[in-house]
Amino acid sequence: MGAGRLGVPMERHGRAADTYASAGEPAPEGPDGRRRELLRRRASSASEPPVGSSASASAEGIRRNRPGSYSGAPSASRQRVESLRKKRQLFPWFGLDIGGTLVKLVYFEPKDITAEEEEEEVESLKSIRKYLTSNVAYGSTGIRDVHLELKDLTLCGRKGNLHFIRFPTHDMPAFIQMGRDKNFSSLHTVFCATGGGAYKFEQDFLTIGDLQLCKLDELDCLIKGILYIDSVGFNGRSQCYYFENPADAEKCQKLPFDLKNPYPLLLVNIGSGVSILAVYSKDNYKRVTGTSLGGGTFFGLCCLLTGCSTFEEALEMASRGDSTKVDKLVRDIYGGDYERFGLPGWAVASSFGNMISKEKREAVSKEDLARATLITITNNIGSIARMCALNEGYFGAVGALLELLKIP
Amino acid sequence: MAECGASGSGSSGDSLDKSITLPPDEIFRNLENAKRFAIDIGGSLTKLAYYSTVQHKVARVRSFESSGRDTEQDHEPPYEISVQEEVTARLHFVKFENTYIEACLDFIKDHLVNTETKVIQATGGGAYKFKDLIEEKLRLKVDKEDVMTCLIKGCNFVLRNIPHEAFAYQKDSDPEFRFQTNHPDIFPYLLVNIGSGVSIVKVETEDRFEWVGGSSIGGGTFWGLGALLTKTKKFDELLHLASKGQHTSVDMLVQDVYGGAHQTLGLSGDLIASSFGKSAAADKEFSKEDMAKSLLHMISNDIGQLACLYAKLHCLDRVYFGGFFIRGHPVTMRTITYSINFFSKGEVQALFLRHEGYLGAIGAFLKGAEQDNPNQYSWGENYAGSSGLMSSSPELCPTQRVRSGTFDLLEMDRLERPLANLPLLLDPSSYVPDTVDLTDDALARKYWLTCFEEALDGVVKRAVASQPGSVDAAERAEKFRQKYWRKLQTLRHQPFAYGTLTVRSLLDTREHCLNEFNFPDPYSKVKQKENGVALKCFPRVIRCLDALGWEERQLALVKGLLAGNVFDWGAKAVSDVLESDPQFGFEEAKSKLQERPWLVDSYGKWLQRLKGPPHKCALIFADNSGIDVILGVFPFVRELLSRGTEVILACNSGPALNDVTYCESLIVAERIAAMDPVVHSALKEERLLLMQTGSSSPCLDLSRLDKGLAVLVRERGADLVVIEGMGRAVHTNYYAALRCESLKLAVIKNSWLAERLGGRLFSVIFKYEVPAE
Numbered sequence: 001m002g003a004g005r006l007g008v009p010m011e012r013h014g015r016a017a018d019t020y021a022s023a024g025e026p027a028p029e030g031p032d033g034r035r036r037e038l039l040r041r042r043a044s045s046a047s048e049p050p051v052g053s054s055a056s057a058s059a060e061g062i063r064r065n066r067p068g069s070y071s072g073a074p075s076a077s078r079q080r081v082e083s084l085r086k087k088r089q090l091f092p093w094f095g096l097d098i099g100g101t102l103v104k105l106v107y108f109e110p111k112d113i114t115a116e117e118e119e120e121e122v123e124s125l126k127s128i129r130k131y132l133t134s135n136v137a138y139g140s141t142g143i144r145d146v147h148l149e150l151k152d153l154t155l156c157g158r159k160g161n162l163h164f165i166r167f168p169t170h171d172m173p174a175f176i177q178m179g180r181d182k183n184f185s186s187l188h189t190v191f192c193a194t195g196g197g198a199y200k201f202e203q204d205f206l207t208i209g210d211l212q213l214c215k216l217d218e219l220d221c222l223i224k225g226i227l228y229i230d231s232v233g234f235n236g237r238s239q240c241y242y243f244e245n246p247a248d249a250e251k252c253q254k255l256p257f258d259l260k261n262p263y264p265l266l267l268v269n270i271g272s273g274v275s276i277l278a279v280y281s282k283d284n285y286k287r288v289t290g291t292s293l294g295g296g297t298f299f300g301l302c303c304l305l306t307g308c309s310t311f312e313e314a315l316e317m318a319s320r321g322d323s324t325k326v327d328k329l330v331r332d333i334y335g336g337d338y339e340r341f342g343l344p345g346w347a348v349a350s351s352f353g354n355m356i357s358k359e360k361r362e363a364v365s366k367e368d369l370a371r372a373t374l375i376t377i378t379n380n381i382g383s384i385a386r387m388c389a390l391n392e393g394y395f396g397a398v399g400a401l402l403e404l405l406k407i408p
Numbered sequence: 001m002a003e004c005g006a007s008g009s010g011s012s013g014d015s016l017d018k019s020i021t022l023p024p025d026e027i028f029r030n031l032e033n034a035k036r037f038a039i040d041i042g043g044s045l046t047k048l049a050y051y052s053t054v055q056h057k058v059a060r061v062r063s064f065e066s067s068g069r070d071t072e073q074d075h076e077p078p079y080e081i082s083v084q085e086e087v088t089a090r091l092h093f094v095k096f097e098n099t100y101i102e103a104c105l106d107f108i109k110d111h112l113v114n115t116e117t118k119v120i121q122a123t124g125g126g127a128y129k130f131k132d133l134i135e136e137k138l139r140l141k142v143d144k145e146d147v148m149t150c151l152i153k154g155c156n157f158v159l160r161n162i163p164h165e166a167f168a169y170q171k172d173s174d175p176e177f178r179f180q181t182n183h184p185d186i187f188p189y190l191l192v193n194i195g196s197g198v199s200i201v202k203v204e205t206e207d208r209f210e211w212v213g214g215s216s217i218g219g220g221t222f223w224g225l226g227a228l229l230t231k232t233k234k235f236d237e238l239l240h241l242a243s244k245g246q247h248t249s250v251d252m253l254v255q256d257v258y259g260g261a262h263q264t265l266g267l268s269g270d271l272i273a274s275s276f277g278k279s280a281a282a283d284k285e286f287s288k289e290d291m292a293k294s295l296l297h298m299i300s301n302d303i304g305q306l307a308c309l310y311a312k313l314h315c316l317d318r319v320y321f322g323g324f325f326i327r328g329h330p331v332t333m334r335t336i337t338y339s340i341n342f343f344s345k346g347e348v349q350a351l352f353l354r355h356e357g358y359l360g361a362i363g364a365f366l367k368g369a370e371q372d373n374p375n376q377y378s379w380g381e382n383y384a385g386s387s388g389l390m391s392s393s394p395e396l397c398p399t400q401r402v403r404s405g406t407f408d409l410l411e412m413d414r415l416e417r418p419l420a421n422l423p424l425l426l427d428p429s430s431y432v433p434d435t436v437d438l439t440d441d442a443l444a445r446k447y448w449l450t451c452f453e454e455a456l457d458g459v460v461k462r463a464v465a466s467q468p469g470s471v472d473a474a475e476r477a478e479k480f481r482q483k484y485w486r487k488l489q490t491l492r493h494q495p496f497a498y499g500t501l502t503v504r505s506l507l508d509t510r511e512h513c514l515n516e517f518n519f520p521d522p523y524s525k526v527k528q529k530e531n532g533v534a535l536k537c538f539p540r541v542i543r544c545l546d547a548l549g550w551e552e553r554q555l556a557l558v559k560g561l562l563a564g565n566v567f568d569w570g571a572k573a574v575s576d577v578l579e580s581d582p583q584f585g586f587e588e589a590k591s592k593l594q595e596r597p598w599l600v601d602s603y604g605k606w607l608q609r610l611k612g613p614p615h616k617c618a619l620i621f622a623d624n625s626g627i628d629v630i631l632g633v634f635p636f637v638r639e640l641l642s643r644g645t646e647v648i649l650a651c652n653s654g655p656a657l658n659d660v661t662y663c664e665s666l667i668v669a670e671r672i673a674a675m676d677p678v679v680h681s682a683l684k685e686e687r688l689l690l691m692q693t694g695s696s697s698p699c700l701d702l703s704r705l706d707k708g709l710a711v712l713v714r715e716r717g718a719d720l721v722v723i724e725g726m727g728r729a730v731h732t733n734y735y736a737a738l739r740c741e742s743l744k745l746a747v748i749k750n751s752w753l754a755e756r757l758g759g760r761l762f763s764v765i766f767k768y769e770v771p772a773e
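These protein sequence lines are chains G and R, in that order. The first sequence maps to residues 1 to 408 in the numbering used here. The second sequence maps to residues 1 to 773 in the numbering used here.
Do not take every clue at face value.
Below are the DMTMM-like pairs computed for lysine to aspartate or glutamate, each with C-alpha atoms no more than 25 Å apart in a straight line [claimed, not checked]: (1) R/K231 x G/E359; (2) G/K358 x R/D132; (3) R/K288 x G/E367; (4) G/K358 x R/E237; (5) G/K360 x R/E237; (6) G/K130 x G/D210; (7) R/K234 x G/E362; (8) R/K288 x G/E362; (9) R/K202 x G/D337; (10) G/K358 x R/D236; (11) R/K129 x G/D337; (12) R/K312 x G/E392; (13) G/K358 x R/E102; (14) G/K260 x G/D152; (15) R/K129 x G/E359; (16) R/K525 x R/E86; (17) G/K130 x G/E118; (18) R/K446 x R/D174; (19) R/K529 x R/E511; (20) R/K141 x G/E339.
To be clear, the hints were calculated from the coordinates, so they are not data collected in a lab. Nothing here was measured: the structure is a model prediction, and the numbers come from that model.
With the sequences and hints as input, model every part of the structure.
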């Protein structure tokens with residue numbers, strides 16, 4: 001579903017970095033030209049599925065509008081693009097990803113501010129910097145993920161720290177109001193935003209905050225972000241990792257994964273929903289499919305089943321629960337392994353399958369339900385991702401073909 | 001996973017009255033001869049299968065001892081008819097709610113006469129739970145069979161033996177059911193069984209299948225999670241809730257994420273971005289209906305997506321869905337179909353099976369009956385003894401539900417002989433016997449249903465008259481009337497009940513109902529009399545024909561074929577005339593015929609063809625007894641033989657209306673041979689072969705013909721097919737494309753149909769076709 005880009009902080013690494021990376025690596029033709037080419041290629045690979053009138057089915061194959069479209073009068077936006085190209089952006093540097101559930105804000109805090117700059121720095125800019133970097137929580141719902149902070153980065157010639165901040169999308173109006181209160185618009189900054197909310201809240205930004213958004217395609221941003229974050233590493237360590245022996249609690253360990261030669265890769269972006277992309281190169285990818293069973297489903301079902309109110313709470317409950325009381329396992333049906341099909345007894349035969357029985361419904365805890373929800377959703381995503389990877393078995397070859405078509 | 005939502009089950013009616021009185025003699029039919037049992041116990045429904053034998057009365061024809069008898073005497077019949085008992089094999093399948101299992105087992109125990117049976121094959125999740133009960137009640141040893149193996153065996157069996165078994169479900173079309181033509185090769189296919197969980201099985205041959213994947217998000221998830229969310233315990237109630245709900249208040253849609261911009265972005269705002277995405281807000285209340293709907297969408301979409309991914313990976317485009325999640329529930333068929341269309345972009349079609357609920361029981365039965373090798377036979381659905389699709393759906397048949405609980409029956413007759421495709425079909429996989437799909441054509445449906453209703457009195461009358469010596473004929477005929485009348489009423493409301501509704505299925509259903517009440521051949525006496533009259537006329541007709549010049553004779557032969565065809569008790573307009581004026585003669589019939597040019601007239605082309613080299617071998621499907629076959633078909637056959645063409649004359653295996661049966665054709669041919677040296681030598685030299693079609697229908701399904709006939713047609717290299725009569729050449733096969741020359745001729749003896757075709761009563765169809773090179 002389209003909302004793959006909406007991020008719930010399920011994966012805390014390599015996700016929230018939708019920093020506007022092209023500032024660091026200007027494209028030969030400038031951002032617009034290259035994007036247009038990308039769009040063309042993508043449009044040919046991912047055609048719109050037929051969608052009936054009934055409001056159902058997960059939002060697969062959503063086609064994005066032209067990425068990087070600017071709101072406001074054409075002349076004004078062109079000016080901004082020009083200024084973007086000519087010189088380094090004025091501070092503050094923000095990247096914003098407004099998802100269906102969460103807003104992810106990335107803030108670059110320059111640490112190499114000269115005394116002269118400090119003097120010139122307008123009051124509102126200073127106050128923003130102080131406010132963001134001296135707090136770890138904002139209002140009742142905003143959180144800075146301090147543990148994710150990337151220190152001593154060099155970005156576009158400036159040294160500084162990258163901060164990761166999130167808050168629920170339903171607090172977006174308050175955020176815009178704060179922008180207005182802090183007189184953000186006086187800073188003449190370009191506010192780059194991605195995610196569905198970049199469209200949804202565009203008008204509010206303009207009318208309330210007097211801010212024009214530079215809207216960016218979320219999947220472009222996602223891939224750029226991942227590649228960028230991986231290239232800078234995580235404070236000296238690798239951003240990408242995997243679990244060895246995942247099924248064995250004792251032997252399971254988290255190991256770094258080298259992303260040096262990553263292509264082709266399948267990118268499964270789990271936000272409120274899930275988007276699955278096949279990526280052939282940094283600017284050549286297609287959206288393969290998606291599912292509406294994502295982070296939002298986990299959280300939403302947990303709220304209904306357990307009465308929890310935050311995502312962290314739901315995860316925490318899940319970590320303590322026992323899903324086997326909720327789920328019907330193969331052994332619950334066959335007494336052991338189902339040998340005919342080589343299914344082990346511990347495999348889940350039916351998620352929530354035990355809950356058709358009144359006695360068993362009465363015997364489970366909220367934690368068990370949260371756990372079962374987590375297992376259901378993650379197993380399903382794993383299963384779909386695996387099928388996509390198998391079906392994309394030729395995607396290396398397809399990628400090569402697309403490269404051929406690029407040659408003039 | 002495989003199993004069908006068994007064990008726990010807050011399922012069936014804790015609240016239902018278990019002492020409800022069954023009409024068991026209507027349900028467990030032919031139990032006294034039952035000898036082999038299998039049972040499939042799912043989470044809420046039990047399916048019982050047994051093999052039984054049915055005693056039928058059949059009318060047999062036999063030549064008189066010819067010695068010394070003067071067959072020229074006017075009032076002597078040409079052969080004798082005797083009614084005999086015949087035993088045929090039948091498979092019975094009964095589906096009922098688990099609530100009734102004890103009552104049913106008791107009934108079976110009390111009525112089971114046969115004591116040879118020692119074992120009962122059992123499958124389904126509930127086989128474990130009810131093992132002891134079954135062993136105690138029936139004193140049979142329970143042999144447990146693998147669930148998936150049974151399911152697939154059952155699936156292969158119905159796909160092979162029941163025409164119109166599979167259908168696609170289309171929400172907004174009328175009717176919602178689109179039945180599929182059975183592909184001659186049913187393999188390979190993907191079976192997605194949605195029980196508690198989901199099993200996805202790739203089936204490659206009768207014995208080779210592979211579990212390629214599955215998902216834990218299935219019917220049990222809908223049920224279990226639904227029960228937690230809505231406090232609604234029963235699966236059916238959950239579905240009912242879901243059908244009333246609005247998922248948009250619970251799901252996060254694309255428009256919720258993008259705001260109004262989705263339109264300008266070309267996005268479909270109604271798509272679900274995140275299932276239950278809006279419920280991630282504490283202290284917000286959601287209605288049960290809305291949550292159930294959202295859950296249904298989530299699960300259906302997920303299964304549809306996985307099914308598409310598996311179908312794509314294994315390059316399969318036929319995907320059948322089954323399991324209790326699907327079973328007869330329009331709401332789940334709808335959401336699954338939607339999902340499959342969406343994710344496969346129309347490349348994969350979601351197919352469902354009419355007898356999906358019986359697959360496990362059928363498979364278990366077949367496992368137990370392996371020594372009898374049931375797969376070597378062909379089987380046919382008995383329309384008289386089978387409940388139609390959705391018979392127990394409360395939405396569709398509230399009254400029926402009250403009458404019979406949720407009992408549902410399927411009966412399949414073992415056919416005497418195995419069936420096969422006519423090898424001359426141009427494309428067996430796209431062959432559709434029926435000319436008009438009455439499920440589609442509401443106007444035609446209305447007409448034909450009324451027509452069959454109006455003809456019912458006459459059929460009843462004839463049935464009684466055919467058994468003058470029987471004391472209970474009137475009573476049985478009345479039962480027949482009621483049974484067939486009910487079938488017609490069911491079909492008025494559910495035209496899809498037995499697959500695609502056609503004139504053929506209406507005729508066949510009537511034949512099945514007549515047989516059910518021991519009226520095997522109501523026309524036997526009429527046919528006997530007519531055959532006698534016609535045989536007497538034969539020499540004179542031949543003399544007249546032989547006196548004609550070649551070109552005149554060809555037209556006279558064709559006219560004779562057509563005139564003979566006017567004699568058809570099946571057509572109401574004709575039976576009225578025949579009833580009132582039995583002297584209605586052959587010559588008069590000819591004068592009734594439309595003058596040339598006929599309604600469809602390719603006679604010129606046919607005549608031209610006859611001037612060319614003779615055909616190697618003609619396959620002729622005969623229609624009626626009496627004047628039609630004797631004065632119409634045989635002279636035509638004789639002419640072909642004289643040209644050096646071999647002839648295979650194919651007649652029905654069993655009786656249907658006044659159609660000539662194979663046995664009658666043997667006697668008729670023998671009598672003609674005695675009068676005519678051409679026929680005599682041809683029979684002797686096997687240049688004229690009499691064969692049976694394998695059918696007992698007034699219509700003709702070229703995809704289900706007697707295997708022996710199919711083999712012979714191939715051996716003899718038939719290069720001409722002649723199909724005669726309204727039932728075989730108009731109601732069916734009018735558009736059938738063959739690989740060789742074909743001649744379809746009929747007289748339209750129904751004014752409504754004639755008008756529809758642009759003609760009048762007794763308009764003539766003469767359709768000669770040569771396949772494109």
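Fill in: 25 Å limit on alpha-carbon distance, applied to hinted pair R/K141 and G/E339
Holds - the C-alpha atoms of G/E339 and R/K141 are around 24 Å apart, at most 25 Å.
Worksheet item: Going straight from one Cα to the other, do G/K130 and G/E118 come out at no more than 25 Å?
Response: Roughly 13 Å separates the two Cα atoms, so the pair holds.
Worksheet item: Within a Cα-Cα threshold of 25 Å, do R/K234 and G/E362 meet the stated pairing?
Response: holds (16 Å)
Fill in: Proposed proximity, R/E237 with G/K360 (alpha carbon, max 25 Å)
holds (20 Å)
Practice prompt. With a cut-off of 25 Å on the C-alpha distance, tell me whether G/K358 and R/E102 pass.
Written response: Roughly 23 Å separates the two Cα atoms, so the pair holds.
Worksheet item: Taking 25 Å as the top limit, are the C-alpha atoms of R/K529 and R/E511 close enough?
Response: holds (22 Å)
Worksheet item: Hey, G/K260 versus G/D152, does the alpha-carbon distance stay inside 25 Å?
Response: This hinted pair holds, its Cα atoms lying about 22 Å apart.
Worksheet item: Can the restraint linking R/K525 and R/E86 be considered satisfied, given a maximum Cα separation of 25 Å?
Response: holds (19 Å)
Discussion item. Just to be careful, I want the Cα atoms of R/K288 and G/E362 compared with a cutoff of 25 Å; is the pair within it?
Written reply: holds (19 Å)
Practice prompt. Please work out if G/K358 and R/E237 have their alpha carbons no farther apart than 25 Å.
Written response: holds (16 Å)
Item to complete: Quickly compare the C-alpha distance for G/K130 and G/D210 to 25 Å and report which way the hint goes.
Response: Satisfied, since the Cα-Cα distance of roughly 22 Å is no more than 25 Å.
Worksheet item: Would the pair R/K312 and G/E392 pass a check requiring their Cα atoms to be no farther apart than 25 Å?
Response: holds (11 Å)
Comparing the model with each numbered hint stated earlier shows that all of them hold.
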